[in-house]
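Participant: The chain contents come next:
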Amino acid sequence: MEIDTLPISASMRGKLISTGYISLASLSSISPSQLAQDFRVRESEAVEILKVASVNGRVGNSDGFVAGAQTAWDMLREEEFASRITTSCKEFDHILGGGISCKEVTEIGGVPGIGKTQIGIQLAVNVQIPVDYGGLGGKAIYIDTEGSFMVERALQIAEACVEDLLGKGTAWKEFRASQPKLSAKNLLGDIFYFRVCSYTEQIALVNYLEKFISEHKEVKAVIVDSVTFHFRQDFQDMTLRTRLLGNMALKLMQLPKKFNLAVVLKNQVTTKYSDGSFRLTLALGDSWSHSCTNRVILYWESNERCAYIDKSPCHQSASALSAVTSKGIRSSTSNCSRIKLM
Amino acid sequence: MHPQNLLLLSPQKCTLGCPILDRSLAGGIPCKSITEIVAESGSGKTQLCLQLLLTAQLPTPLGGLSASSFYIHTEFPVPLRRLRQLAHSFKSSYSNVFASSSSSSSSSSSTSSSDPCDFIFVRPVHTADQLFDLLLKLDSLLENPPTELPVKLIVIDSIAALFRSEFENNPGDLKRRSSLFFKIAGKLKSQAERFGLAVVITNQVVDVMTSSEGINGLKIGNLGNLYSSGRRVYPSLGPSWAHCVNSRLFLSRDEEILGDHVGSGEYVCRQTRRQLHVLFAPHLPICVEESLRLSFASVFSSEDRNNLRKCTKSVCLVASKMKVWRASRISLVVVIANQLQMLGYGSMENDLQQENLDLCQRGKFWFHFLPGDTNRRG
Numbered sequence: 001m002e003i004d005t006l007p008i009s010a011s012m013r014g015k016l017i018s019t020g021y022i023s024l025a026s027l028s029s030i031s032p033s034q035l036a037q038d039f040r041v042r043e044s045e046a047v048e049i050l051k052v053a054s055v056n057g058r059v060g061n062s063d064g065f066v067a068g069a070q071t072a073w074d075m076l077r078e079e080e081f082a083s084r085i086t087t088s089c090k091e092f093d094h095i096l097g098g099g100i101s102c103k104e105v106t107e108i109g110g111v112p113g114i115g116k117t118q119i120g121i122q123l124a125v126n127v128q129i130p131v132d133y134g135g136l137g138g139k140a141i142y143i144d145t146e147g148s149f150m151v152e153r154a155l156q157i158a159e160a161c162v163e164d165l166l167g168k169g170t171a172w173k174e175f176r177a178s179q180p181k182l183s184a185k186n187l188l189g190d191i192f193y194f195r196v197c198s199y200t201e202q203i204a205l206v207n208y209l210e211k212f213i214s215e216h217k218e219v220k221a222v223i224v225d226s227v228t229f230h231f232r233q234d235f236q237d238m239t240l241r242t243r244l245l246g247n248m249a250l251k252l253m254q255l256p257k258k259f260n261l262a263v264v265l266k267n268q269v270t271t272k273y274s275d276g277s278f279r280l281t282l283a284l285g286d287s288w289s290h291s292c293t294n295r296v297i298l299y300w301e302s303n304e305r306c307a308y309i310d311k312s313p314c315h316q317s318a319s320a321l322s323a324v325t326s327k328g329i330r331s332s333t334s335n336c337s338r339i340k341l342m
Numbered sequence: 001m002h003p004q005n006l007l008l009l010s011p012q013k014c015t016l017g018c019p020i021l022d023r024s025l026a027g028g029i030p031c032k033s034i035t036e037i038v039a040e041s042g043s044g045k046t047q048l049c050l051q052l053l054l055t056a057q058l059p060t061p062l063g064g065l066s067a068s069s070f071y072i073h074t075e076f077p078v079p080l081r082r083l084r085q086l087a088h089s090f091k092s093s094y095s096n097v098f099a100s101s102s103s104s105s106s107s108s109s110s111t112s113s114s115d116p117c118d119f120i121f122v123r124p125v126h127t128a129d130q131l132f133d134l135l136l137k138l139d140s141l142l143e144n145p146p147t148e149l150p151v152k153l154i155v156i157d158s159i160a161a162l163f164r165s166e167f168e169n170n171p172g173d174l175k176r177r178s179s180l181f182f183k184i185a186g187k188l189k190s191q192a193e194r195f196g197l198a199v200v201i202t203n204q205v206v207d208v209m210t211s212s213e214g215i216n217g218l219k220i221g222n223l224g225n226l227y228s229s230g231r232r233v234y235p236s237l238g239p240s241w242a243h244c245v246n247s248r249l250f251l252s253r254d255e256e257i258l259g260d261h262v263g264s265g266e267y268v269c270r271q272t273r274r275q276l277h278v279l280f281a282p283h284l285p286i287c288v289e290e291s292l293r294l295s296f297a298s299v300f301s302s303e304d305r306n307n308l309r310k311c312t313k314s315v316c317l318v319a320s321k322m323k324v325w326r327a328s329r330i331s332l333v334v335v336i337a338n339q340l341q342m343l344g345y346g347s348m349e350n351d352l353q354q355e356n357l358d359l360c361q362r363g364k365f366w367f368h369f370l371p372g373d374t375n376r377r378g
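First to last, the protein sequences are chains A and B.
Using UniProt numbering, you'd call the opening residue of the first sequence number 1 and step up by one each time.
Using UniProt numbering, you'd call the opening residue of the second sequence number 1 and step up by one each time.
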């Protein structure tokens, strides 16, 4: 393929040929900044040229780029613009790289009473923050398997969120009047709440989710609290459990990619007997631990709640302190609240 | 499958019988969830449970569930005598409630009134498998209640007794034990959800040997360490069971020896302090502490002045009956405490109606001088 067959402007084509870039192969190994420097064009234009070159090169190439495959370059650009859901705690957001990512499955686990349900409710409320205020303006699906979702607590957190948002406005009263939709009741009304009471119901619901979300396109977060409760009962054979969990994991992993939403799973802890002593690990075993993109473990450290990134492909292991207040999850106010790199 | 409308969901709460305790629990014990009460023996778990069995029968405006209750017990002896005492004083404090319910059923006799004990079903279990079978049979009872009030409260007292003797301390048995936890808890939660029940389970404590901090720590709840009777304790049955319950309350009990007011040196005044802590609950984010007082009529908070006054009056009436009020103040309170244990409480109030006022005032003065309950029964 030659340069003169590319669909770019004539002046650009002339510049390329005069500088010595005759074939596409020579363009394939150049970086956009170098190209921009050479031709004194803007970097965005250089990117465009390279993109066009790569697309055209692909079409005629018989080495077989699979149709629909994305280059890593495209994925990187997409990731920079990917939206994230804030957790209302700055340190926690920071170690997660800005918040819960909307294209990944995040698993949050911890001992009982540490605040997993609180984080779930906070995320279900935060995903609804309107786009004007820096949020996603989407709805949430909350799947409750344990019965820990308390409506009065959700109302409390929603009211505090509304207060925080509207309090930021310069003309407070005017803002409040112009945003009649932003009320705690409306926030609660946009959370789709499902209660499941057995593992068969849970699997059926996860299978149904795809259809439900395609009917309700505004859903931007799916929160499952917790994914382990019904699977810790005695199964007649463990292979059945592994198969069911694998299927469920697969379905849950497809949702973020297809609908561009965030999936947050809650997990419990269990003691693992290894080397003669008991250690705390997340439940459901090692095969489940492959299913999630990110894993966060919550634990207590001298009366503070600490969040620790256990597994993440792009963030390093770090821990951050957070607190659960009457308004929901907020930054911890202790003196030593800083991010610790492990 | 359809999502539920959150704005229509508002779970009922069952009052504990004391408005201050209810306030610290944001209304009482919530329905559709499992609440666990963890305490050492002798701290008042069973008393609290028996009181709940009775307050559940109150109509909804008074904070009750207007429902019968189911009491599953695993420890013997069964506190039936105590239940009758509580029912008797309960009926007299809420006489308008029970009189009205009887007048609707039978207009002829005015003296017959419904007994609160008619609405309490008691059942013993001995093993965990028996408990699970009982829960399966409970479905039919929940759908067709034998009395006019539906069953809305299940109390299991206590769950620890079922599991602590059957299982060895090796990984195989522990795994079997924890899968039983989830089976039972799953069944209870689905019944609670379907019928709108409140479930209360009591648990025991074990002593703590190792540290509970850090990422491997088993610390649960915001309390640094749980102390009861001066020892560091931890709820029994481990972290697996802790995942099965929705909320956990802890009753601590401490014996405090009051200072050296004693002249004769024979009697040492011990004061038992009981406190209610919230370890974790999804709707109560802040850990709350409330001092409890147990009287022969009810369990109530130390700050509940109405109940305190009633308790004070009755105790000083007792004191006058025994004619030992001339003794020194501190020793008197101890003696009263011991005597009350031997006497039955139901008959007391009828005999001692005619005492004079200054005695009551003196009784009040004693109580203010020694703020605290020296005996858990009165």
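Heads up, some of the hints might be wrong.
Once the Cα atoms are required to be at most 25 Å apart in a straight line, the calculated DSS-like pairs of lysine-lysine come out as [claimed, not checked]: (1) A:Lys103 to A:Lys217; (2) A:Lys257 to A:Lys311; (3) A:Lys103 to A:Lys272; (4) A:Lys90 to A:Lys51; (5) B:Lys91 to B:Lys187; (6) A:Lys51 to A:Lys217; (7) B:Lys13 to A:Lys272; (8) A:Lys211 to A:Lys272; (9) B:Lys175 to A:Lys272; (10) B:Lys91 to A:Lys185; (11) A:Lys327 to B:Lys183; (12) A:Lys185 to A:Lys327.
Just so you know, the hints here were simulated from the structure itself, not pulled from any lab data.
Participant: Take the hints in turn and mark each one as holding or not.
Facilitator: Consistency of the hints with the structure:
no., hint, verdict
1, A:Lys103 to A:Lys217, "15 Å, holds"
2, A:Lys257 to A:Lys311, "19 Å, holds"
3, A:Lys103 to A:Lys272, "31 Å, violated"
4, A:Lys90 to A:Lys51, "37 Å, violated"
5, B:Lys91 to B:Lys187, "34 Å, violated"
6, A:Lys51 to A:Lys217, "31 Å, violated"
7, B:Lys13 to A:Lys272, "37 Å, violated"
8, A:Lys211 to A:Lys272, "38 Å, violated"
9, B:Lys175 to A:Lys272, "10 Å, holds"
10, B:Lys91 to A:Lys185, "41 Å, violated"
11, A:Lys327 to B:Lys183, "34 Å, violated"
12, A:Lys185 to A:Lys327, "16 Å, holds"
Violated hints for the displayed structure, listed by number in ascending order: 3, 4, 5, 6, 7, 8, 10, 11.
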